[in-house]
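Could you put together the complete structure from these sequences and hints?
Sequence order for the protein chains is G and P.
Numbering of the first sequence is given in our numbering, commencing with residue 1 and proceeding in unit increments.
Numbering of the second sequence is given in our numbering, commencing with residue 1 and proceeding in unit increments.
Hints are supplied without guarantee of correctness; some may be wrong.
[Said to hold, decoys possible] Each computed DSS-like pair below joins lysine-lysine, with the alpha-carbon atoms no more than 25 Å apart:
id: 1; chain 1: P; residue 1: Lys199; chain 2: G; residue 2: Lys27
id: 2; chain 1: G; residue 1: Lys334; chain 2: G; residue 2: Lys210
id: 3; chain 1: G; residue 1: Lys210; chain 2: P; residue 2: Lys148
id: 4; chain 1: G; residue 1: Lys396; chain 2: G; residue 2: Lys427
id: 5; chain 1: G; residue 1: Lys297; chain 2: G; residue 2: Lys45
id: 6; chain 1: P; residue 1: Lys140; chain 2: G; residue 2: Lys210
id: 7; chain 1: G; residue 1: Lys7; chain 2: P; residue 2: Lys216
id: 8; chain 1: G; residue 1: Lys179; chain 2: P; residue 2: Lys216
id: 9; chain 1: P; residue 1: Lys46; chain 2: G; residue 2: Lys285
id: 10; chain 1: P; residue 1: Lys199; chain 2: G; residue 2: Lys28
id: 11; chain 1: P; residue 1: Lys148; chain 2: G; residue 2: Lys117
id: 12; chain 1: G; residue 1: Lys105; chain 2: P; residue 2: Lys87
id: 13; chain 1: P; residue 1: Lys87; chain 2: G; residue 2: Lys179
id: 14; chain 1: G; residue 1: Lys210; chain 2: P; residue 2: Lys151
id: 15; chain 1: G; residue 1: Lys105; chain 2: P; residue 2: Lys151
id: 16; chain 1: G; residue 1: Lys427; chain 2: G; residue 2: Lys348
id: 17; chain 1: P; residue 1: Lys216; chain 2: G; residue 2: Lys6
id: 18; chain 1: P; residue 1: Lys66; chain 2: G; residue 2: Lys210
id: 19; chain 1: G; residue 1: Lys28; chain 2: G; residue 2: Lys7
These are calculated hints, taken from the structure and not from any lab test.
Bear in mind the structure is a predicted one, so any value in this text is a computation, not a measurement.
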Amino acid sequence: MFELFKKSREILGMNARNLTYIRPHNKKRARRIADEKILSKKILKKANIPVPGLIAKIKSERELEEFDWQALPNSFALKPNRGFGGEGIIVVFAKKKSRDDAWIKADGSLVTIEDLKNHIRNIIDGSFSLANTPDTAFFEERLKLIKTFKPYCFRGIPDIRVIVFNKVPVMAMLRLPTKESGGKANLQQGAIGVGIDMATGTTTTAVYGKSRRTEYIPNTRLLVSGIKIPYWQEILRLAVKSHIMTGIGFLGADVAIDRDRGPVFLELNLRPGLSIQLANLTGLKSRLERVRGLKIKTIERGVRVGMDLFGGEIEEELEEISGKRVIGSVEKVKLIAKDNQEIEVEAKIDTGAFSTSIDTELARKLGFERTIDAFEKIDTQQFGNITEKGLGIDKKIKDRYQKTIPNIEDVSITWSSSGVTIRPVIKATFIMDKRRIVAKTNIIDRQNLKYPMIIGKRDLKKFLIDVTK
Amino acid sequence: MQQYPFHEWIHFFANQGVPEETIILLLMMPLIATIVAFFRQVIGIKAFGIYTPSIITVAFLAVGIKYGIAIYITVIAVGMITRTITKNLRILYLPRVAITITIVSLATLGTLVIGGSLQRTGLATVSIFPLLIIITLVEKFVATQIEKGTKTALLLAGETLLIALTSFFIVRWPFIIQMIALYPWSILLTIPINILLGKWTGLRVSELLRFREILKER
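What follows is the structure, given as structure tokens:
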């Protein structure tokens, strides 16, 4: 019970956030900047922080009537100037072919000029602004998705939320839009929040929507952990810079990555949500208290302190002492095909197996079609019945065919839970956790198994395995 | 309420022509508001702000708990149905709420007529003002529905009902009524209590639940 109480003091709750952090640190001027998106865009731009381009703004009914709809690009975001919580935003990603008055929204539905006009009227009336005061609507350039994030998100653009306090980035998460969130990167609406290790910018644990836990992207076998965020330090630098420029003492900075422009600053949040703690499975309060009162002079220093204080030091230290990398029981692996193409798969780390094996289909993709086809033609029966403990059959096959079958290294007989099989062995090259490994790999049909590849003991000498990772 | 002895202040107020029931209700108001604040800050139940649950409690006190709940649920249900109809009309916010209020008013009238025809005269004779208070709840409900979705709106409506019922029973507790009747100044105690609540930075009960995964984490 006492443990629980002590632990609960590490977590930042709504009361403490409002009273201890927002109230004393976010002054009135700062509040105005953050609440008005057009103004914050202007101020950030002046400080040389890249922001999405402003296409047009509409302040009144008259401006709405006179608006030239054909001047809009094929993709854009329509936002209320003083909206909050991601409400009232419409994102379109293409113009409907064969029509010049309709666009396609993130969820695939159509939106016409008439719909947009209605939405803008609602914005001007103040339906989405704090306290329902009259508001301005604006069109903003839509960012382009980078390749790294493409498999992980549904339609929209993921962004990185960084909490900055006292010039130090203290916690961060990657927010991935899902089908449920309608392509929006907002946890309240069902996006995925993935915690990030501050030192390396690699993703860790995740929360799906408000409170569900998840390890995978819904309906896929894609792990959300282990994603390396590109431009990591640059993102932290932008977050700290905006915090200094705007004077928002307790800030939630949202940064996205554009395919052409790199990190782009999206939004300043005065009241960042608390779910970031669930994504990271760590309390925010203890981190905030650690940086309170530190004298930080420069942006670089702040970023450095954040990375040093809140990174996964233990794991790094272990790797330094043993000289071995720490991996989990399932790892992402890049296989190098014969034509030097890279194929990424998830491999099971199997200390119960001696050697590495891969799925037939995967081996074909890697360029071993001819090996497989030739091997399948061999009538293994002629060498005797393999169920009677092998009796050197593997060696006989090897001697006979080594010269005629291309790329074959060896033949192996494998006893597994599903019976005895004779498998061709080839040399496969793969990269796991930055280490390049050339492994004698046997080929077998793994179609009905969860992972297309297992890595056995023989190829794990350079690694330590953490089963909880 | 007449069975309780009154403090001389209350006698004094009553002698000036203020009805006793009004005096007691007004003195209860700070207590109700404090209960709502406690629910928000310590337990973590949001409801529709502080005004709505407080005023609904007062409405329940005036209408009676049975009819109060009946009308409350009618209002929410009709508000929800109307929202799905007006959604496709594509009209602006205020006219939309006006249409919703129209339908809710008619539905409430219908409830009263049905209640009357079933010889439930208690329902038909409730005074109009508490009734109107419950009807205006629909605006809060519709606004939340538009901004945060139906699920959140229903959740908040449920929480509001929960808080209103809790404060209803606390305020109806003979011990409390007696205390206020005998020591009307005791309601001033709500001020220091609220100062404490306003400075409370600990986790709310709902947050202990929300962050249980982190609490379990070693």
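Hint by hint, here is what the structure shows:
Between P:Lys199 and G:Lys27 the CA atoms are separated by roughly 19 Å; this keeps the pair inside 25 Å, and the hint holds. Distance restraint check for G:Lys334 and G:Lys210: the Cα-Cα separation of roughly 33 Å exceeds the 25 Å cut-off, and the hinted pair is therefore not satisfied. With a CA separation close to 14 Å, the supplied pair G:Lys210 and P:Lys148 stays within the 25 Å bound. The hinted pair formed by G:Lys396 and G:Lys427 meets the criterion: a straight-line CA distance of about 20 Å does not exceed 25 Å.
This hinted pair checks out: G:Lys297 and G:Lys45 have alpha carbons roughly 22 Å apart, not beyond 25 Å. Distance restraint check for P:Lys140 and G:Lys210: the Cα-Cα separation of roughly 23 Å lies within the 25 Å cut-off, and the hinted pair is therefore satisfied. Simply put, G:Lys7 and P:Lys216 have alpha-carbon atoms about 9 Å apart, close enough for the 25 Å limit, and the pair holds. A threshold of 25 Å between alpha carbons decides the hint, and for G:Lys179 with P:Lys216 the separation of about 30 Å lies outside it, so the pair is violated.
In summary, the hint linking P:Lys46 to G:Lys285 is supported, as the alpha carbons are separated by about 22 Å, within the 25 Å threshold. For the given pair, P:Lys199 sits about 21 Å from G:Lys28 by alpha-carbon distance, which is consistent with the 25 Å threshold. A C-alpha spacing of about 22 Å is found between P:Lys148 and G:Lys117, which places the hinted pair at or below 25 Å, so the restraint holds. With a CA separation close to 19 Å, the supplied pair G:Lys105 and P:Lys87 stays within the 25 Å bound.
Of the pairs offered as hints, the one joining P:Lys87 and G:Lys179 holds, with about 22 Å between alpha carbons and a cut-off of 25 Å not exceeded. The suggested pairing of G:Lys210 with P:Lys151 holds, with an alpha-carbon distance near 13 Å, which does not exceed 25 Å. Using a Cα cut-off of 25 Å, the hinted pair G:Lys105 and P:Lys151 holds, with the two alpha carbons roughly 23 Å apart. Distance hint between G:Lys427 and G:Lys348 is fulfilled; the C-alpha atoms sit about 18 Å from each other, no more than 25 Å.
A hinted pair counts as satisfied when its Cα atoms are at most 25 Å apart, and P:Lys216 with G:Lys6 qualifies at roughly 12 Å. At roughly 35 Å between alpha-carbon atoms, P:Lys66 and G:Lys210 are farther apart than 25 Å, so this suggested pair is violated. For the hint linking G:Lys28 to G:Lys7, the alpha-carbon distance of about 34 Å lies beyond 25 Å, and the restraint is violated.
Consistency with the previously given hints fails for numbers 2, 8, 18 and 19, ordered from lowest to highest.
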